[in-house]
Amino acid sequence: MPIQYYIYLCLALFSIGVIGVLTRRNAIVVFMCIELMLNAVNLLLVAFSKMFHGYALAQNATSTTGIDAQIFVFFIMVVAAAEVSVGLAIIVMMYRNTHSVDINFLNRLKN
16 MPIQYYIYLC
26 LALFSIGVIG
36 VLTRRNAIVV
46 FMCIELMLNA
56 VNLLLVAFSK
66 MFHGYALAQN
76 ATSTTGIDAQ
86 IFVFFIMVVA
96 AAEVSVGLAI
106 IVMMYRNTHS
116 VDINFLNRLK
126 N
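Each residue of the sequence shown is one higher than the one before, starting from 16 at the first, in the numbering used here.
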């Protein structure tokens, strides 16, 4: 499968995520859009990793070039999971204080 298909798919997913972050006011939807953007980047990293691994294998059958990005994607997913757990805890505390998950009410948390 050509790399252009992956690039177009990742561009579409990332654009949907950016539009969702900029237009939505629900904190849970904003977190889902941030995760969509992270997964679009992860998909593109894996696609480029596989492409460069294929090029490296064509030149040397024992090469491991291009696999490093897949390990990097794993660590990005671990950090994203930690981010979501902290973010959801903040959203739960915000809901307990304001009875809303609207991000415009975050100014009330200053007091």
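By construction, these hints were calculated from the structure, which means they are not laboratory data.
Ideal placement from N, C-alpha and C gives every residue a C-beta, glycine not left out.
Mixed in with the good hints, there may be bad ones.
[Claimed, not checked] Computed spacing ranges between beta-carbons, pair by pair:
| hint | residue 1 | residue 2 | range |
| --- | --- | --- | --- |
| 1 | Pro17 | Arg40 | 37 to 47 Å |
| 2 | Ala76 | Ile43 | 18 to 28 Å |
| 3 | Pro17 | Gly102 | 32 to 42 Å |
| 4 | Val99 | Ile31 | 41 to 51 Å |
*With respect to the beta-carbon atoms only, verify the hint that Pro17 and Gly102 lie 32 to 42 Å apart.*
holds (36 Å)
*Between Val99 and Ile31, is the Cβ distance one that fits in 41 to 51 Å?*
At roughly 18 Å between Cβ atoms, Ile31 and Val99 fall outside 41 to 51 Å, so the hint is violated.
*Take a look at whether the Cβ-Cβ distance between Ala76 and Ile43 falls inside 18 to 28 Å.*
violated (48 Å)
*Does the hinted range 37 to 47 Å hold for Pro17 and Arg40 at CB?*
Given about 39 Å between the Cβ atoms, the range holds.
When the structure is compared with the earlier hints, violations turn up for hints 2 and 4 and for no others.
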